[in-house]
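Use these hints to put chain B onto chain A, whose structure you have.
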Amino acid sequence: MNKSIPYAWVSGTLLGPLEQQLLDELWSRGSATVRELLRDQTIKLAYTTVMTTMDRLYKKGLLDRIEEGRAYRYFPRQTRDEARRIAAVESIRQLMGSDDSSSLPLSYLVEALSEHDERLLDELQKLVDRKRRELKKRDQS
Amino acid sequence: MFALRGIAISLSFFWFTYCLFSALTASSWQFLHRVRTIPPRVSATFLFAARILPLSVSIAVTLALTVPSFILLEPRGTDEGIGVAPIVFSAFCVTLFAVCFMRAIYAQTDTQEVISQWLRGARTLSLSEAVPAFQLAGTVPPLTLAGLRRPRLFVSEGALSVLSPDELTVAVKHEVAHMRVHDNFKKLILRLAWFPGMGELDKAWQRAAELRADQEAVSSAREALDLAAALIKLSRQPRNESLPTVSMGLVRDAFVTVRVGRLLNWEETDLRSRWKLPSLLLCGAVLLSIIAVAYGPLLQETHAIAEWLVR
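If you read the protein sequences in the order shown, they are chains A and B. Per the numbering used here, residue 1 is the first one in the first sequence, and the count goes up by one each step. Per the numbering used here, residue 1 is the first one in the second sequence, and the count goes up by one each step.
Just chain A, same shape as in the assembly (with noise of 0.2 angstroms):
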């Protein structure tokens, strides 16, 4: 099971792969400078590369930082499950606002979730069964 967070609705937009990482290892850690991450050698990145990316989910509001020295010391604003928390409000928060949000169905909801995560997907086929059985006794009635 995939556990990575859809941090999309947290900050307003998706993060990419290297953003997640870098978010799980400060969750892991609890805060981390930027050689400290580099350190034991789990991130084979630049430097640079590393504190740009530090720098633009520090952007993003999902980190906080102090100086420590001529570097950053960074934090994760929230914990894994605040984040993931906050995910599932601003999910519903942006349903609310979709087209259809007179008859908000429960399914929508799912987008908030992980592209890979397989309960999501069994979810969405025991829906799928149980609109079939509806379906098939409608028909029969």
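Treat the hints loosely; a few may be bogus.
[What the hints assert, rightly or not] Dumping the calculated DMTMM-like pairs for lysine to aspartate or glutamate here, alpha-carbon to alpha-carbon at most 25 angstroms:
hint, chain 1, residue 1, chain 2, residue 2
1, A, 136, B, 216
2, A, 59, B, 200
3, A, 136, B, 200
[Said to hold, decoys possible] The calculated label-pair distances, taken between Cβ atoms and stated as ranges, are:
hint, chain 1, residue 1, chain 2, residue 2, range
4, B, 109, A, 82, 44 to 50 angstroms
5, A, 61, B, 56, 25 to 31 angstroms
6, B, 109, A, 27, 56 to 62 angstroms
7, A, 82, B, 290, 52 to 58 angstroms
8, B, 166, A, 140, 36 to 42 angstroms
9, B, 84, A, 82, 33 to 39 angstroms
Read the hints as simulated data drawn from the structure, not as lab findings. Since we're looking at a predicted model, the values are computed, not measured. Virtual Cβ for every residue (Gly too), placed ideally from N, Cα, C.
Only chain B this time, still in chain A's reference frame:
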């Protein structure tokens, strides 16, 4: 010198108009797109029109105003030079043309290569009279319409094994819907009409095109559920292969969940959203009348700008 000056001025006008309208489109389309009552059919058309507006306007301004104004109003006998500004701007324009054409050529050749690769070892299928279909070994890509002049439908062995006959039929109808509105050709046009910052608009169009193809493929609640089931099943297939540029795949991203949501809530009313041709014709006629009335003064103004540019 007269011809060279004419070419330099025309290219300068093209470049300037293209950049201006591209910047305006890239910065403003999202506000227009927020009008969410637009049905997918109209939305896809509108987004594509917005995307190619800079190219269309630039071609129209160059061919209908710049060139005629130069030919009709520029005196031929003078030994006037080309001017620094037209040389610089036309150099920008030539660079822009080179970048755009390279992108389009690369997309097309890349697609052709992938199709040739796929066709080697592919087995012919009889799925639809509208499009030749081929079966590919393995699981990727599940269902893809690829190619420009003669689009072909590629279905993976994995897709054939998981989809029921009804699901496969409606999934094929979805791809045929893409073919009927020439979505692959439109994708190539988008590659050609390149400008920085247009990526989001391209994505928005692609999503709208998918929703429109869903809508075109489905004519009953049962078919809507079949297509939704097909999308879910194909989403479970592995996807470690990127598709060629000039192609439309049935399952490409997380947007599939929105599509399934819409299909689950499909209603008869979805069939009723049609373009109103008379109102479109009326708008076109009004626009043409305005252009006809203003054409003379517009030529004069264009020539005045060209003169200013040369000096």
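Hint check results:
1. A/136 - B/216: holds (23 angstroms)
2. A/59 - B/200: holds (19 angstroms)
3. A/136 - B/200: Given pair residue 136 of chain A, residue 200 of chain B is violated - Cα atoms ~41 angstroms apart, limit 25 angstroms.
4. B/109 - A/82: 44 to 50 angstroms: holds (48 angstroms)
5. A/61 - B/56: 25 to 31 angstroms: Violated, since residue 61 of chain A and residue 56 of chain B (Cβ atoms, about 38 angstroms apart) do not stay within the stated range.
6. B/109 - A/27: 56 to 62 angstroms: violated (43 angstroms)
7. A/82 - B/290: 52 to 58 angstroms: The hinted range 52 to 58 angstroms holds for residue 82 of chain A and residue 290 of chain B, with Cβ atoms some 55 angstroms apart.
8. B/166 - A/140: 36 to 42 angstroms: Because 18 angstroms falls outside the window, the suggested range is violated.
9. B/84 - A/82: 33 to 39 angstroms: violated (58 angstroms)
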